[in-house]
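Following the hints, put chain F in place on chain H, whose structure we already have.
Chains as they are written, first to last, in the working numbering: chain H, 1 to 384; chain F, 1 to 350.
Hint data in this document are derived by calculation from the structure and do not stem from the laboratory.
Among the clues, some could well be false.
[What the hints assert, rightly or not] Going by beta-carbon spacing under 8 angstroms, a handful of chain H positions derived as facing chain F: (1) LEU21; (2) PRO28; (3) GLU43; (4) GLY130; (5) ASP132; (6) GLY134; (7) PHE136; (8) TYR203; (9) ASN204; (10) GLU209; (11) ARG210; (12) ASN213; (13) GLN304; (14) VAL306; (15) MET364; (16) ILE369.
All C-beta atoms in this analysis are idealised placements derived from N, C-alpha and C, irrespective of residue type, glycine included.
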Amino acid sequence: MSETKTFEIDFGKVYSERMRLNVGPQHPSTHGVLRLEVELEGEVVTEIVPHIGYLHRCFEKHAENVTYPQVIPYIDRMDYISSMNNEFPYVLGMEKLLGIEVPEKVQYIRVICAELNRIANHQIAIATFGLDSGAFTPFLYYFRDREMIITLFEKLSGGRLLYNYFWIGGLMHDVHPTFAEDCLEIVKQVRKTNDEALDLLMYNKIFVERTANIGILPADVAINYGCSGPVLRGSGVPYDLRKVEPYSIYDKFDFDVVVGKGEMGTLGDCWDRNIVRVREIYESCKIIEQAIEQMPKEPCDVRQAVPKRIKPPVGEFYCRAENPKGELGFYIISDGSPKPTRVRARATSFVNLSVLPEISKGYMIADLIMILGSLDIVLGEIDR
Amino acid sequence: MESLNFVYDLLGKNIVAYILLALLPMAFLLPYALVAILGELKISAWIQERLGPMRTGWKGVLQPIAEVVKLLQKEDITPAAVNKPLFNLAPFVMFAGAYAAYAVIPFSSKFVPVNINIGLFYVFAISAFGVIAIVMGGWASNNKYSLLGAMRAAAQMISYEIPIAVAILAIATLAGSLDMQEIIYKQGGGFWNWNIFGGPGAITKIWVIPFTVTLFLIYFIGSLAETNRVPFDIPEGESEIVAGYHTEYSGMKFAMFFFAEYSNMFIVSAIITILFLGGWQSPFGNFLNGPVWQAFWFVSKAMLFVFLQIWLRWTLPRLRVDQLMYVTWKVMLPIAFVAFFAVALWAMIQ
Chain H
1 MSETKTFEID
11 FGKVYSERMR
21 LNVGPQHPST
31 HGVLRLEVEL
41 EGEVVTEIVP
51 HIGYLHRCFE
61 KHAENVTYPQ
71 VIPYIDRMDY
81 ISSMNNEFPY
91 VLGMEKLLGI
101 EVPEKVQYIR
111 VICAELNRIA
121 NHQIAIATFG
131 LDSGAFTPFL
141 YYFRDREMII
151 TLFEKLSGGR
161 LLYNYFWIGG
171 LMHDVHPTFA
181 EDCLEIVKQV
191 RKTNDEALDL
201 LMYNKIFVER
211 TANIGILPAD
221 VAINYGCSGP
231 VLRGSGVPYD
241 LRKVEPYSIY
251 DKFDFDVVVG
261 KGEMGTLGDC
271 WDRNIVRVRE
281 IYESCKIIEQ
291 AIEQMPKEPC
301 DVRQAVPKRI
311 KPPVGEFYCR
321 AENPKGELGF
331 YIISDGSPKP
341 TRVRARATSF
351 VNLSVLPEIS
361 KGYMIADLIM
371 ILGSLDIVLG
381 EIDR
Chain F
1 MESLNFVYDL
11 LGKNIVAYIL
21 LALLPMAFLL
31 PYALVAILGE
41 LKISAWIQER
51 LGPMRTGWKG
61 VLQPIAEVVK
71 LLQKEDITPA
81 AVNKPLFNLA
91 PFVMFAGAYA
101 AYAVIPFSSK
111 FVPVNINIGL
121 FYVFAISAFG
131 VIAIVMGGWA
141 SNNKYSLLGA
151 MRAAAQMISY
161 EIPIAVAILA
171 IATLAGSLDM
181 QEIIYKQGGG
191 FWNWNIFGGP
201 GAITKIWVIP
211 FTVTLFLIYF
221 IGSLAETNRV
231 PFDIPEGESE
241 IVAGYHTEYS
251 GMKFAMFFFA
261 EYSNMFIVSA
271 IITILFLGGW
281 QSPFGNFLNG
291 PVWQAFWFVS
301 KAMLFVFLQI
311 WLRWTLPRLR
321 VDQLMYVTWK
331 VMLPIAFVAF
341 FAVALWAMIQ
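Isolated chain H (complex conformation) (with noise of 0.2 angstroms):
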């Protein structure tokens, strides 16, 4: 109200202004704080510039002053929603590197935790999508199955949400004598909600009317950007680490590797990327499954092959896994001492966001967070 403007009236002709709207940091459905400069023509997005940042915490920094195991607890904190699953390449690397076996018991515990972990992600990733769309109760049902995954986790770490499990060639510690039947428990629960969400949300027709025909992106365009995870597999292309080059013990186990098939609208839209993560939790539940069926169930000593004193040899290498939001790597170059002189990581969300601008002009402000929300992002890992 401070400024005046005039407008000389032209009858018959209509001016209209764009307006430059300022979405985040402080946004209900930025999913943290991402900022998104939004350009509006009425309510048609026109121009979208993220800006990102404002979680920046010198993770790549602060790897280069500690030791190599000392790096994973700040790993747990890039997507701290699914930090399981951020240990797992680091390790996995690292024992790579330092050519350590880490035992059998070990590595089925692992798959199972990164698996729970990855349907622990999906489903905060399905119920903040639909708390986007204003679908309240379903985020409810998903984050009371969540906790179950938590409290498992709390058992074996001390941690609920970062957990610094996974060690360089082993695990903090053993799981407890009830861990498998607390998993099948878990996995039962897991499937009975997501057949609830099924029919409540996501073939709800005004959920699909959201969401489908909305942010469409080729399978081209995701490969040209480089995306990974439910968000290239929403647009029909099978690329699941797990299945191309797998790691640990993942290929003793039969899983599908789901795709969109543009069922509700066209390929690669927001309807299909949501659905890749509903159908995933049913295949990690099937992993979890199998690996309990096969996992020994005598105790073992879970550190018996972590390694005293940790001295790569010189070099460098890239370390990669299947991410709950798509391929996580990690590129470290060690110099001989213990700490790495650089590491560096392929963060998923960010690689995803960058995708935003090029799928969502054209869309109303409500597509724009919905298809915001279909991307999956966490900022904490785009930030580092």
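For chain F alone, coordinates are given in the frame of chain H:
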């Protein structure tokens, strides 16, 4: 004609009676709002397998009072850049519109504050008042989110009001009156005579029932849009435009918007009840149809729809603004016209 007002019967027509009449709806509205807030908290909790508020009083029944006290204690913030007169006025305009509608709501055959022969038209006109307040508040807030919310509200209003108007028109044709009491009197004699079942008439009225039920559904969907409830809470769509038109409001002014929303929820439920479900008529003909029982029937029927609105809110996602307009203009409006013609035809041959 017998008196429609027990207050006039008791006190005669004088200034005390007028003031009492103006305040009686408030005596209903305040407890109702508390019950509705508690209902919202508890029903959402049951739907989501939570307990809801449990600490204030037995099973948390005093929670609404605690919330009102909290809102009263809050600092009344007026941001520096707002247009102060409009910003401060908007919540009260909103509430005035919501409260003014109670003037013609017949709670029982013996109590309607003002019985005017165009009551339905009056309610329809006064309920559009809220949108003025929303645009006022949204524009005066000097906030882009508020402005977007206000513009959405304006677009939403012209969309939902037309199918609603057609539905009201159809019932007015069926009943042959815009007078609410008369519409209700016509629906007397058991639930079979309610307008949702085609109104009173011979058994041949069966063919008109699908059309009246359609009109009922159209009115109900439209009323959800009128009260800005899910799935049509587009003007306040929290995940997109933060809180829409009331982003900048806090404390008591926010509470007024909130109060008006709950008040509106009851108004639209009451209108549905009057138009389609026989108003204060007992479902069993003359059984339990005394003036006090009538008030009971009326409030319970209306509260059923308040409950339905709460239930829907915690079940459905939100529509996009253009989808709302698509639904109202291209789906509801043609269907409403067809139903209107069918009902008008029935009214004519009757």
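Evaluated hints:
1. LEU21: Holds. Min distance 5 angstroms.
2. PRO28: holds, 6 angstroms
3. GLU43: This hint holds: GLU43(H) lies near chain F, its Cβ roughly 7 angstroms from the closest one there, short of 8 angstroms.
4. GLY130: Cβ of GLY130(H) sits 7 angstroms from chain F, so the hint holds.
5. ASP132: ASP132(H) check passes; min Cβ-Cβ to chain F is 5 angstroms, inside 8 angstroms.
6. GLY134: Nearest chain F Cβ about 3 angstroms off; hint holds.
7. PHE136: holds, 6 angstroms
8. TYR203: violated, 12 angstroms
9. ASN204: OK, holds: ASN204(H) within 8 angstroms of chain F, min 6 angstroms.
10. GLU209: holds, 6 angstroms
11. ARG210: Given a least distance of 6 angstroms, the restraint on ARG210(H) holds.
12. ASN213: violated, 12 angstroms
13. GLN304: Violated, about 44 angstroms.
14. VAL306: violated, 42 angstroms
15. MET364: Nearest chain F Cβ about 6 angstroms off; hint holds.
16. ILE369: ILE369(H) check passes; min Cβ-Cβ to chain F is 5 angstroms, inside 8 angstroms.
Violated hints, in rising order: 8, 12, 13, 14; the structure is consistent with all others.
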